[in-house]
Each structure stands twice: as structure tokens, then as C-alpha cells.
Amino acid sequence: MEKLLKEKDEKYIKDLFSSKLESEVELVLFLQSEGGDKVTKFNSQYLPYTEEILKELVSLSDKLTLTVYKDDKEKEEEYGVEQISALFVEGKNTNKNVIYYGIPSGHEFSSLLEDIIDASRGTTELSDKTKAELKRITSPTEILVFVTPTCPYCPRAVRTAHQMAMENNNIKGVMIEANEFPEWSQKYSVYAVPKVVINDNVQFEGALPEDAYLENVLKGAGKIILE
Amino acid sequence: MEEFTNIFVGEETVKADSKIIYDIAIIGAGPGGLTAGIYAGRSRLKTLIFERLSPGGQIAVSDQVDNYPGFPEGISGKELTDRMEKQAVRFGAEIVPDEVRKIKKEGNLFELETASSGIVKSKAVIIATGADPVKLPVPEEEKFRGRGISYCATCDAAFFKDKTVAVVGGGDTAIADAIYLTKFAKEVIVVHRRDQLRAVKALQEEAFENPKIKFQWNSVSEHVIGENKVEGLEVKNVKTGEKVLLKVDGIFVAIGTVPNSNIVKGLVELNEKGFIKTNQNRETSVKGLFAVGDVRDTPLRQVVTAAGDGAIAEFSAENYIKNLEYIER
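Respectively, the protein sequence lines represent chains A and B. Under my numbering, the residues of the first sequence are numbered 720 to 946, in order. Under my numbering, the residues of the second sequence are numbered 184 to 512, in order.
This is chain A alone, in the form it adopts within the complex (with noise of 0.2 Å):
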């Protein structure tokens, strides 16, 4: 296969890890056979090419790990993967609960890169009241977010979702590339990205600031929020 990521795009990432990954990042990348049960004539194109943007990616830092599971149900179930491409971010503050469904390509590449350089430090740029809030959340909330690569406004969305995650481990946040998920993306009435989709019965479109995504979060966790 040719390769995905330009030369001067290669270079910009290995200076950016180079000066801000602190500690070791894995990348569990979940794949399976042609004939796999998760395996659809949408999601079955785009998985080489998945692998491929990730390994390249991995080799740019020796910070960087990339570990594949190819039809393995046992790991697959460890992780609670629903669907194939399941890609999950592991890192200081996370737990199997940073996750992108299909390929982080396009715009999503950029959310990639940003959730990496959180999980090595451990740290991201929510404001203290969102953090502080978040700490509220006691129970499993799932923040899915539908996009779709051509989208420039969906980073924001599913890297709200992803750091929310990073400081909450009770929270999982859930990319959706919508193309490859044509059902789950029906399932939710997904006809225009970024959806957000909270704990199944909260849910928004379009790019929210901050604190108004936050309120939609504490309403699906069945929190209220605090003034």
C-alpha cells in the first residue's frame, strides 16, 4: 500500500511527539478476517488502510506502541468491543475507555494525534469547573459521537468526549465513523455529524462549547447539574 501520512505531515508529528509525550502510549488496534461476524461490506474497505495509518503513526515515536488483535474474541470481549475497526487509546488516565469505531482519518487524524499527547501525560485542557463537575459522575456513561471524516466540525465533538473520558474513567468516550456504521449511525437517526449520543437517552447535533456539552453529559448521567 501506498503511503498515507505526507513526508512534511510525518515530520510536523515527530517533532510534536518528540517535545510532548512524556510517558508510553499503547494503541490497541482490534481487527478481523474477511468473514469475521463485525465484518460488513461498509467497514471491510477502510480496515487495511486503519492499520496502516496507525503503524506508520506508531513509528514515529519510540513512545508509541501499536498492539493488533486479528480474531481474537477473548480480547475482544476483555475490551468490550462492539464493532470492527475498534481502536482503543491506553495511556496514563485511561482505561479502555478511549475509543475510535472506524477509521480516524481526515479530520479525526487531528483528535488522534491530541487524545495520544493527553494519555502520556495524563493531563488534558478541560477548565477546572468542567473537571471538578465530571467528578460527579459515579455510574458507566457512554458519550458515542457520529461523524464522518470530510466533517471539520466533529474533532471538537469527539475530543470533548475523549478528554471528559480521560478525566473520569467511569465515563467511555466513543468515536463513530458513520460511513463504515451504517446501521448503528440508523439506530440513532445519524443524518448529519457531528451527533452526540449520551448513555441512550440525551442527545445533540452539532459542536457545543464546553460547558453546554458538559450539561448535556451530567443530564445523560443523571446528574443535575450544579450552579
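The hints are simulated quantities; they were obtained by calculation from the structure and are not laboratory data. Virtual Cβ for every residue (Gly too), placed ideally from N, Cα, C. Each hint should be verified, as a subset may be incorrect.
One side only, chain A facing chain B, incomplete, derived with CB under 7 Å [to be verified]: (1) Asp728; (2) Tyr872; (3) Asn898; (4) Tyr910.
Derived contacts from chain A toward chain B, CB cut-off under 10 Å, selection only [to be verified]: (5) Tyr731; (6) Leu735; (7) Thr867; (8) Ala897.
Chain A is nowhere near these chain B residues, computed Cβ spacing over 12 Å in every case [claimed, not checked]: (9) Asp281; (10) Glu392; (11) Asn393.
Assemble chain B onto chain A, guided by the hints.
Just chain B now, with coordinates in the frame of chain A:
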């Protein structure tokens, strides 16, 4: 497929520092704001660019930009603004992913109230907040927004593979959207209130030659029909009064823009449509506060004019700051 394996690597963002005084705060990282950022960075001014969504502004969702000089083959809006962003960062401008909610002038300093960086202070401010699309004027807009009504063709086109969609509007954005949508949809119906398009001739020719694009002339949108998602668009012929129901699964709207001038409402002079009035230096009715690009009262809203505005505004802001320092001394 290639569409989706393209990789965009954005520039690193930073946090605003509420303890220091910036020279220039630019609000909005579209072509106008980014150009001002390039010039300010080259002048070694301490410069911040706030962006609430994603750097690039409205043009970042344009598949193809053919009227920005220097790109004979055309360039995608995102690629073009990515380059501007890199250029601004290269010269030292800092991009802050945050929203400015209020602007106050205290003495000679501007205080910007932000969503998550607290109060940020600067000597001069350039408003480059751009504009948002006008909503489809039908009673059902809110119900069907995100359920078939879309304001971003590049974001949402993929949901309408082999479907029929309508594009409402007749300007550059509408016709470019219609052409882009033919990559996915099986049929695209352009609904326009006049009997000819306003879009530039080059785009018109491309649209007329495309067999997937049909036209519903002299028609305005009246109602969106559907259960839980868009199933049709009822349009009325403005000449005959005849109503027609178009069976469409999606409606892409490009009927003009409204300026994002709320943060300066009551502070600076606006025109009757809410666009910010400036003089030829791009200075607003408030000294030290400048406006560029689509949010400005201007006869033409293009990438090239926004970039020109950005350069002039930065030049004016720099002079304003020099003058300020001279008086203070």
C-alpha cells in the same frame, strides 16, 4: 474512498494566558483572522487567535476553491486554510480553541470574556467571527435539522448515497454544494426562487452540464414533510402560486449568511442586517477594535477579500498600538 483516507494534520493549539496582556487578540480563525495572524506574527506582536469550532471558517467545508489566486488547479477549502493556519503559527501566532463571549473596553485595554480561559486582555482586537448560514425559512426547520436538513454538504453528503436531495439556493455555495453532492446522491434538485442562478458563470456551466442536477426554478420552500426524517420538500412557484411536493431524502440549505456579531452588539456600530461597519482601515466605531471578513459590512465576501481585510486590519491595529504606546510615554 480516497475522500475518507485523506489525512489532515492540524496545528497545535495552546491555552490563553490570563496573566499577560496580548498585543492583538483575533477572534475567529477563518481566512481573515488567519491572515491577520500571519501579519501580526511577522511584526512580532504577541498574538492570539480564538477559534470556537475548527480553524478554517466557512470555506473549510468547500470541496473546491477556484477563485483564490495562486492555485491554478483549484484547492480544497480545508487544504487552503490549513496552509494559512500553518503560516500563522510559523510566525508565532497562537491558536486557542475557545469561545469569546463578551468584549469590554476598560481604559485602553480590551477584556475578552471567554468560555474556558477566563478574562483575556489585549491592546487591540480584530473581530473575524464570520457568518453562519441562514436557516431554511419553514415552520418545520427545527424538527428536521439534523434529520435531513443540513447546512454542511461535505459533512453530511455521505448519508445520502443513491438518494435524491434538494439544494436550496442559487449562489456560489449552493451550486458548488449541488456539484459536490452528485458524488453521492443519485439526483440533486436545485430549488431557486428566481429563473436564473446568481452563482458565478463557471459554476453554472458545470452544474448545467451535470446530468444528475435538475432545477426547480422560481420556487420557494414552504414546508418540509416527513415522519421522523425528511421525506419531501413542498415548494411554491412564486409566479404561478402552484405548489409542488419534491420527494427528497435530504435538503441542503445555502441561502445566505447571518453575521456572527452578537459579541459586539451594543459596543460597535452595525448595519441594519447586523454586519459590522468599518472605515477603510477596517476600524469599527470603537478605537482599537477592528473587523474583517464575512462579519464586516462589505460588498463582497470571499476568501481573497477576507484575507485582504486581515492584512489591512493588522496594519491598522499595529499603528494603533504604536500610537497608544507613544501617548502613554
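Hints, verified against the model:
no.	hint	result
1	Asp728	holds (5 Å)
2	Tyr872	holds (5 Å)
3	Asn898	holds (5 Å)
4	Tyr910	holds (5 Å)
5	Tyr731	holds (6 Å)
6	Leu735	holds (6 Å)
7	Thr867	holds (5 Å)
8	Ala897	holds (7 Å)
9	Asp281	violated (8 Å)
10	Glu392	holds (24 Å)
11	Asn393	holds (20 Å)
The earlier numbered hint that this structure contradicts is number 9, and it is the only one.
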